[in-house]
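Trainee: The primary structure of each chain is shown beneath.
There are 2 protein chains.
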Amino acid sequence: MSNLKSEHIPRATIQRLAIYVQVLESLRNDNVEVISSEHLARICDVNPSQIRKDLAYFGEFGVRGVGYYVQDLNSSIKKALGVDRTWNCALVGVGNLGRAILRHKVFKQRGFHIAGAFDCDPFKIGEVVSGLEVICSRRLPEKVKELNIEIGVITTPPERAQRAANYLVDANIKGIITFAPTRINVPDHITVEYVDFFHHFFNVAFNITLKDRED
Amino acid sequence: MSNLKSEHIPRATIQRLAIYVQVLESLRNDNVEVISSEHLARICDVNPSQIRKDLAYFGEFGVRGVGYYVQDLNSSIKKALGVDRTWNCALVGVGNLGRAILRHKVFKQRGFHIAGAFDCDPFKIGEVVSGLEVICSRRLPEKVKELNIEIGVITTPPERAQRAANYLVDANIKGIITFAPTRINVPDHITVEYVDFFHHFFNVAFNITLKDRED
Numbered sequence: 001m002s003n004l005k006s007e008h009i010p011r012a013t014i015q016r017l018a019i020y021v022q023v024l025e026s027l028r029n030d031n032v033e034v035i036s037s038e039h040l041a042r043i044c045d046v047n048p049s050q051i052r053k054d055l056a057y058f059g060e061f062g063v064r065g066v067g068y069y070v071q072d073l074n075s076s077i078k079k080a081l082g083v084d085r086t087w088n089c090a091l092v093g094v095g096n097l098g099r100a101i102l103r104h105k106v107f108k109q110r111g112f113h114i115a116g117a118f119d120c121d122p123f124k125i126g127e128v129v130s131g132l133e134v135i136c137s138r139r140l141p142e143k144v145k146e147l148n149i150e151i152g153v154i155t156t157p158p159e160r161a162q163r164a165a166n167y168l169v170d171a172n173i174k175g176i177i178t179f180a181p182t183r184i185n186v187p188d189h190i191t192v193e194y195v196d197f198f199h200h201f202f203n204v205a206f207n208i209t210l211k212d213r214e215d
Numbered sequence: 001m002s003n004l005k006s007e008h009i010p011r012a013t014i015q016r017l018a019i020y021v022q023v024l025e026s027l028r029n030d031n032v033e034v035i036s037s038e039h040l041a042r043i044c045d046v047n048p049s050q051i052r053k054d055l056a057y058f059g060e061f062g063v064r065g066v067g068y069y070v071q072d073l074n075s076s077i078k079k080a081l082g083v084d085r086t087w088n089c090a091l092v093g094v095g096n097l098g099r100a101i102l103r104h105k106v107f108k109q110r111g112f113h114i115a116g117a118f119d120c121d122p123f124k125i126g127e128v129v130s131g132l133e134v135i136c137s138r139r140l141p142e143k144v145k146e147l148n149i150e151i152g153v154i155t156t157p158p159e160r161a162q163r164a165a166n167y168l169v170d171a172n173i174k175g176i177i178t179f180a181p182t183r184i185n186v187p188d189h190i191t192v193e194y195v196d197f198f199h200h201f202f203n204v205a206f207n208i209t210l211k212d213r214e215d
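If you read the protein sequences in the order shown, they are chains A and B. Take the first sequence: its letter number 46 is residue 46 in UniProt numbering, and every next letter is one higher. Take the second sequence: its letter number 197 is residue 197 in UniProt numbering, and every next letter is one higher.
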């Protein structure tokens, strides 16, 4: 890769880069062409020196006295992270959360196209959710190949997450994002990301508690 | 607070503490009484020295040569964070994601009780979702007081998130967790947390991209 200074980008940086992409895309939609690091920092709720440090991974992007070119910066971040293209995903577990994700337009907008929806429940198989027919999870190996799927998304209840992961591993998936509140075991070469909302709830509760203790 | 060494706990630590609580609670359900920091670290996918550092905020918890007492450690973390009690929440925006959250049992298990569901859509008002009658968002100030609600959860589409935030601010809410993919403006004394799944998708995509580039 030409424009990425270092191949190792820390997880916390990727977390902020995802925020910058969100904010830069909404600026671009508002036809903003240039933004100062101070202004970008304020919108993203990050300090300006942190933003400059994060963006240094991508070479020299800031223009002194001007700021960042919104479109260029956004494209460069996305290219470096490999999210300048579409990734086909398989969603396993068509419950409430699975349905919410299938219907959420923003996944496709951000390049994550859910190409197949899978469930073990015979009452769900064959149902059409958001234009996708729910397929039996046992057919994952065949469908992953056919639909060129690389990423699995687990939205099952916790007690079924490991079985869903096993199906995905057997189907030669390359990475997994799981929303189930439990840990799963997969071979080392497969990247697993655990989505957990609770630290946000904990952080809000903690901040309120601190303020109440001060009063 | 007696058992908290420092009032300032960094956000990244709180993120890991939420994981420890999840893992400790599932260990407790499996009747595990003691766990070594190495074992806990392995389950949580964090290195052991990081765990020891994080837990140092709570005083001396490890017992040399034994490990941590699962129940005591879990209680202490929850007490220090202020999540050893129930927090009443108001959910604003009864769409797909809102419904998924209302039906998700884990919120109540973790102490976040969604006591009221609100929406502006006249077609949704009066509908019962997961035992809660959907109430007009304009009635938030009255209901927040009546139901002793301290936290607001925004699950509206992005273009309605600011209005939802305004209702919550007018209702004297103390903290907000927003799932809408947009930034909101609220007075400084109100803690806001942005839930964003995309960094997980970005991280998986980035890791696969790195591996593919190596091949």
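A hint or two may mislead.
Here chain A is said to cover these stretches of chain B; the calculated rule only asks that three of the stretch's residues, wherever they fall, bring their Cβ under 8 angstroms from a Cβ of chain A [unchecked claim]:
| hint | segment |
| --- | --- |
| 1 | 73 to 85 |
| 2 | 116 to 122 |
| 3 | 140 to 147 |
| 4 | 164 to 177 |
| 5 | 180 to 188 |
Rather than coming from a laboratory, the hints here were simulated on the basis of the structure. The beta carbon of each residue, even a glycine, is placed where N, CA and C say it ideally should be.
Trainee: Next, verify each hint and record whether it holds.
Mentor: Each hint, compared with the structure:
Only when three residues or more bring their CB closer than 8 angstroms to a CB of chain A does the claim for the segment 73 to 85 of chain B stand; here the count is 3, and the claim holds. Restraint check on the segment 116 to 122 of chain B versus chain A: 0 residues with Cβ-Cβ distances below 8 angstroms, three needed, restraint violated. Requiring three or more residues with a Cβ within less than 8 angstroms of a Cβ of chain A, the coverage given for the segment 140 to 147 of chain B is violated, as only 0 such residues are present. Coverage of the segment 164 to 177 of chain B by chain A holds. Counting CB-CB distances below 8 angstroms, 4 residues qualify, and the rule asks for three or more.
Residues of the segment 180 to 188 of chain B with a Cβ under 8 angstroms from some Cβ of chain A number 3, which satisfies the need for three, so the listed coverage holds.
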